[in-house]
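Visitor: Given the coordinates of chain A, assemble chains B, C, D, E and F with the ligands onto it according to the supplied hints.
Chains as they are written, first to last, in our numbering: chain A, 2 to 330; chain B, 2 to 330; chain C, 2 to 330; chain D, 2 to 101; chain E, 2 to 101; chain F, 2 to 101.
The hints are simulated quantities; they were obtained by calculation from the structure and are not laboratory data. Source: prediction; values computed, not measured. Misleading hints may appear alongside valid ones.
[To be verified] Negatives, chain C to chain B, calculated, CB over 10 Å:
#: 1; residue: Gln38
#: 2; residue: Leu53
#: 3; residue: Phe64
#: 4; residue: Gly131
#: 5; residue: Arg179
#: 6; residue: Val189
#: 7; residue: Lys203
[What the hints assert, rightly or not] Have a look at the derived ranges for each label pair, beta carbon to beta carbon:
#: 8; chain 1: B; residue 1: Phe67; chain 2: C; residue 2: Ala197; range: 27 to 37 Å
#: 9; chain 1: A; residue 1: Glu170; chain 2: C; residue 2: Arg230; range: 20 to 30 Å
#: 10; chain 1: D; residue 1: Arg21; chain 2: B; residue 2: Gly237; range: 30 to 40 Å
Don't be surprised by glycine CBs; every beta carbon is placed ideally from N, CA and C.
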Amino acid sequence: MDALELLRLNLLSPMVLAFVLGLVAVWVKSDLKLPEQLYTVLSIYLLFAIGLKGGGELSVTSFAVFWKPLLATLILGVSIPLVAYQILLRLGRLSIVDAAAIAAHYGSVSAVTFTAALSFAQAQNIELEGFMPALLAALEVPGIVVALLLARASLNPNSSQSAHSGMGEVWRELFTGRSLFVLLGGLVIGWLSGKAGLEQVKPFFVDPFKGALTLFLLEMGMVAASRLRDFLKVGGFLTAFAIVMPIINGSVGVVLGHFAGLSVGGSFVLGAMAGSASYIAGPAAIRVALPQANPAYYLGMSLGVTFPFNLSLGIPLYYAVASALGARV
Amino acid sequence: MDALELLRLNLLSPMVLAFVLGLVAVWVKSDLKLPEQLYTVLSIYLLFAIGLKGGGELSVTSFAVFWKPLLATLILGVSIPLVAYQILLRLGRLSIVDAAAIAAHYGSVSAVTFTAALSFAQAQNIELEGFMPALLAALEVPGIVVALLLARASLNPNSSQSAHSGMGEVWRELFTGRSLFVLLGGLVIGWLSGKAGLEQVKPFFVDPFKGALTLFLLEMGMVAASRLRDFLKVGGFLTAFAIVMPIINGSVGVVLGHFAGLSVGGSFVLGAMAGSASYIAGPAAIRVALPQANPAYYLGMSLGVTFPFNLSLGIPLYYAVASALGARV
Amino acid sequence: MDALELLRLNLLSPMVLAFVLGLVAVWVKSDLKLPEQLYTVLSIYLLFAIGLKGGGELSVTSFAVFWKPLLATLILGVSIPLVAYQILLRLGRLSIVDAAAIAAHYGSVSAVTFTAALSFAQAQNIELEGFMPALLAALEVPGIVVALLLARASLNPNSSQSAHSGMGEVWRELFTGRSLFVLLGGLVIGWLSGKAGLEQVKPFFVDPFKGALTLFLLEMGMVAASRLRDFLKVGGFLTAFAIVMPIINGSVGVVLGHFAGLSVGGSFVLGAMAGSASYIAGPAAIRVALPQANPAYYLGMSLGVTFPFNLSLGIPLYYAVASALGARV
Amino acid sequence: MKTTPAFRITIIAEALLEDRLIRDVKTCGAKGYTITQAHGDGTRGVRASLWEGGNIKLETIVSEGVADAILEMVANKYFQHFAVIAYLENVAVVRVEKYL
Amino acid sequence: MKTTPAFRITIIAEALLEDRLIRDVKTCGAKGYTITQAHGDGTRGVRASLWEGGNIKLETIVSEGVADAILEMVANKYFQHFAVIAYLENVAVVRVEKYL
Amino acid sequence: MKTTPAFRITIIAEALLEDRLIRDVKTCGAKGYTITQAHGDGTRGVRASLWEGGNIKLETIVSEGVADAILEMVANKYFQHFAVIAYLENVAVVRVEKYL
Ligand SMILES: Nc1ncnc2c1ncn2[C@@H]1O[C@H](COP(=O)(O)O)[C@@H](O)[C@H]1O
Ligand SMILES: Nc1ncnc2c1ncn2[C@@H]1O[C@H](COP(=O)(O)O)[C@@H](O)[C@H]1O
Ligand SMILES: Nc1ncnc2c1ncn2[C@@H]1O[C@H](COP(=O)(O)O)[C@@H](O)[C@H]1O
Ligand code: NA
Ligand code: NA
Ligand code: NA
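The shape of chain A in the complex, shown without the other chains (with noise of 0.2 Å):
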């Protein structure tokens, strides 16, 4: 199958296209309006269903085969932060909590981007490791902390910004956070209960769960599309920024994963991991450590721009770039 097959396969998948009906629903200013709760609840279903099914295969994985791609996943979480202050400092000329703030969501992850990663992988027949959702978990706070510790090296400590909050309650606050919570708290219940346990559950956290991802990214559409609006007023290096950035973390997620021992699949997604931007465990962090930094920017490029391009562009290319790898070897 070639590369434009697959983009067109993704691009008509129910999931992308509910995504974009989401969009067209606000540009119209359709009176669709989806109550906050399901938001909430469909949030931590994916999440729980995510942990609950890596778990199970966890359960059946020896940490041989599986302590070098957390070794790839660790260090694109302490790299890609790190990487992309610098450029945002530098090349964006922004200030020191902008760019660590910025920083913080490409060096997170967006479980999201990881499950439409993987439902790609299920409709193209792609095998993968099963025990994704670990690294997933992994990926998710590194980065975050990180990048607070560059705001935190960088900014007078004497000034009343850093004032806000000890670097104790930010660890607590992305430990309990509840989208970290609820993906290990799965994790863990999925390996303890093994695959007998999730047989049992199976007909409500796997069998609807594309179902309910399109659901969920009909309203992250709408979501998205108003978060578009604001970050419109914001220009042109950071809307750069938030499609380049991606292409390059994505890539270098993809051969790290390669060399981690990783499947063609499984550096697919690691890639598509590592090329998106967090919306969850991100801003909620951020808004508490760093409030100083305009939410319109970071949630504009992690919400507006990458993870659009991610789900639509994004995916297809991880995996045209993981396949291309993995068919010279």
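Guide: Same frame as chain A, but now just chains B, C, D, E and F with the ligands:
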């Protein structure tokens, strides 16, 4: 299977019984309350699911098969409100605005009645055309527009009444109204992603559909009961209208469907659509365009009388008509 | 399979682990919050689904098989609150209203404990009677009524305390209370529409049931944790009561079930029901009829202690009793 | 625009009491009311509203006499055993005849 | 802390009117608004809010002139055909420049 | 019925701040609070509340001194970086001892 047996089967389906349970809940003053958000989510889910399935079918339907039923549907959508308006004005002696408001509701269509008809067909193994949801979308708007034009033509353009909103705003309202928007969106997505796309989301949007409908009907029963209470102050003529008009419209719908080349099942469902009265798009548009019309009339009739009538007796009746007609040929 | 293995299997089921995750969420102060509406929707879903399935089974059960277990259930419902009330009054030295309030909760039943027992049975391939949900409905009300009559008999009728609501209002409240209403409604609908009707809604009400229960238990864990915190101020005797009383009631339930002709599985589930304490119908009725009773006692005990005990240790224990008894015969 | 002084009573109570409070407030003479869902904390703490969920905030705009009757009623019937607070504010309404 | 007197207008209306009311209130000069979901009952009763669900309560803090303009607007456009009430209160705000 | 004058502080803020605001308000001396979900718009616009969803409206009835302390605290800690407004009203409470 004779008519009485069909009636019995329909009345004892979980969906109809759930509706009755909702009525009972209000009558015995149970403190059962389903959250409003559930109502919203289920509405959207049902409409989107109907659309998806219909769109999937449309993608394999040629326009040659489709245009005649579509034309029949549009004829129904234009003629029903014309007739209903005259009856309400002359026989019922209603005011212009109330007559137009009610005519709009009967000219439009109830997606839940449509869905209940589909479920009935499925339970009795009645075959029908897969593109019916596209006809549902086509029937939603014309009746409302025709009735509003009637009111506009009759009202003194200088009176304060007509000042409320221009026809342009009404058109926008109708096409971006959530009910049509979600249904059309589902149709387009189903059509673009085709049967393969649909397959991916089947365990969420197709398999649990009837169960979700059952829950929704429980809630509708509770709403209908309170609407009925409002309405009962209104009296004889309108109650008769709310039962007789559906029978006429439904029968005409079956006949038109038959001559447009629909199968027995297809004519039956078109009849159920024609016989139904809107309670989503209709009230939303009328409340805006004709705020001076009394909601107790149009909501009481469509939701308190016609919907329960169709759900219980109308559906088997329309089917009886359709199969009698089919047998004659 | 020996008792310890059963305990292990129960503790490592996704449902029990989800409950624990909910507890942990509160203990680590995670900002995880499930919307209140989800709690309401899941409660209604679970009760209605239990009812539907039970009703379908009842439709193929003859009264000859059913009356003895029903009688055993009613005996449990009447005798448990009588005994509990005396113990609480004499040994516990509680006030009349507090003793009666707690007795009402232990005399009634927890639908979620019932459901967890069913899931346990299903996971261990334990056969049981399909009509158990009807017994669940039968056990809900009597215990509460008996306890209220006890309080009424002992309280000075001229005191301001008894003025709050007549017994008539309490009866109405009990039968129209949402929990019993939905369960009975489901039973009747399942019974009327039979197994064929049930088949239509199976992918919504049957297949995903355990998964929905898992999500619900996550939320219950969070509620139980906060209840437990309130309760811990209360102390020794009541904590002991909240663990010992269920063991006694549960064992008596198993024995009665056995002599009423229930299978090992059926006696086990009846035991779990007898051993459980209400936290839906109970609190709603008591708060109205005995507002002067302290909710920290009855909610803390039933939800903070007895429910977690039953979910983790009680269920395997009652099953061990039931199978020991079954083996002896 | 011409406005008339009136009184707004706010009652915050456990949600379980909703139907009861509506009935009682109407009995005292209120012509209408508005309810929003709320949650909160006070000095009583524990209540039985698990399944009912949180608190409700009932607001009703009334005349002085009705306001007084409602406060009396709430104090007598609810203060002792339930988690309830009530307070009074001055408002200026249009169409005062709707509230009297 | 230094506070400045200002006015709070509250409009309770059928939820269907939300977008329209926001637009109209801004046109009258309001700089911001806050909306909560509500339900309730009054003297009109029936409305068309089945699918829209209940009422909304819109609150906006404004200067005296804007307050008056809003009450006029609501009275003219909405009182006749819709289930709507509106009233006015005195509040004391910090950062008064946000509201003027 | 006997009522006593008291003060009601209302804080409308992005929902993310809920736990923090509760803690801070209690630290200032509030004995209780009530929160409702809200949404709205003002002069700041963008905030980070996607996943948290909308605004909260926190109301607390307090004495004059506590009211002042709360306004000071909100102004110092939140006004600069967050979407927050706060204002003060006079109310008349029953059982004043609950609020002091
Ligand atoms: N000082 C206060 N300010 C605002 N709301 C309060 C206050 N005290 C109590 N409440 C509300 O009233 C409810 C019942 O209060 P209580 O009976 O004190 O527990 C609480 O859950 C709060 O929602
Ligand atoms: N006296 C009142 N006090 C508080 N809210 C009221 C009052 N009257 C009406 N309302 C609210 O305003 C809405 C519309 O009122 P109405 O037009 O009288 O039906 C009602 O649904 C209530 O939410
Ligand atoms: N003039 C106003 N009247 C009522 N609510 C307001 C007003 N201005 C702001 N708000 C509320 O306060 C929140 C934050 O305001 P801001 O910081 O101005 O964006 C908004 O989302 C509104 O809910
Ligand atoms: Na990333
Ligand atoms: Na029609
Ligand atoms: Na019991």
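Visitor: Would you mind marking each hint as holding or not holding in the structure?
Guide: Here is what the structure says about each hint:
1. With 10 Å as the threshold on Cβ separation, the claim that Gln38(C) sits away from chain B is violated: the shortest Cβ distance comes to roughly 4 Å.
2. With a cut of 10 Å on Cβ distances, Leu53(C) falls inside the contact zone with chain B, its closest approach being about 7 Å.
3. Listed as a non-interface residue, Phe64(C) keeps its Cβ farther than 10 Å from every Cβ of chain B; the least gap is roughly 21 Å.
4. No Cβ of chain B approaches the Cβ of Gly131(C) within 10 Å, the least distance being about 17 Å, so the stated non-interface status holds.
5. With a least CB separation of 4 Å from chain B, Arg179(C) falls inside the 10 Å interface cut-off, contrary to its annotation.
6. Its beta-carbon lying about 8 Å from the closest one in chain B, Val189(C) breaks the requirement of being farther than 10 Å from that chain.
7. A cut-off of 10 Å between C-beta atoms contradicts the statement that Lys203(C) is not in contact with chain B; the least separation is 8 Å.
8. For the pair Phe67(B) and Ala197(C), the supplied restraint of 27 to 37 Å holds, since their beta-carbon distance comes to about 34 Å.
9. Look at Glu170(A) against Arg230(C): about 22 Å separates their beta carbons, and that is inside 20 to 30 Å.
10. Checked against the hint of 30 to 40 Å, the C-beta distance between Arg21(D) and Gly237(B) comes to roughly 37 Å, which is consistent with it.
Comparing the model with each numbered hint stated earlier shows that hints 1, 2, 5, 6, 7 do not hold.
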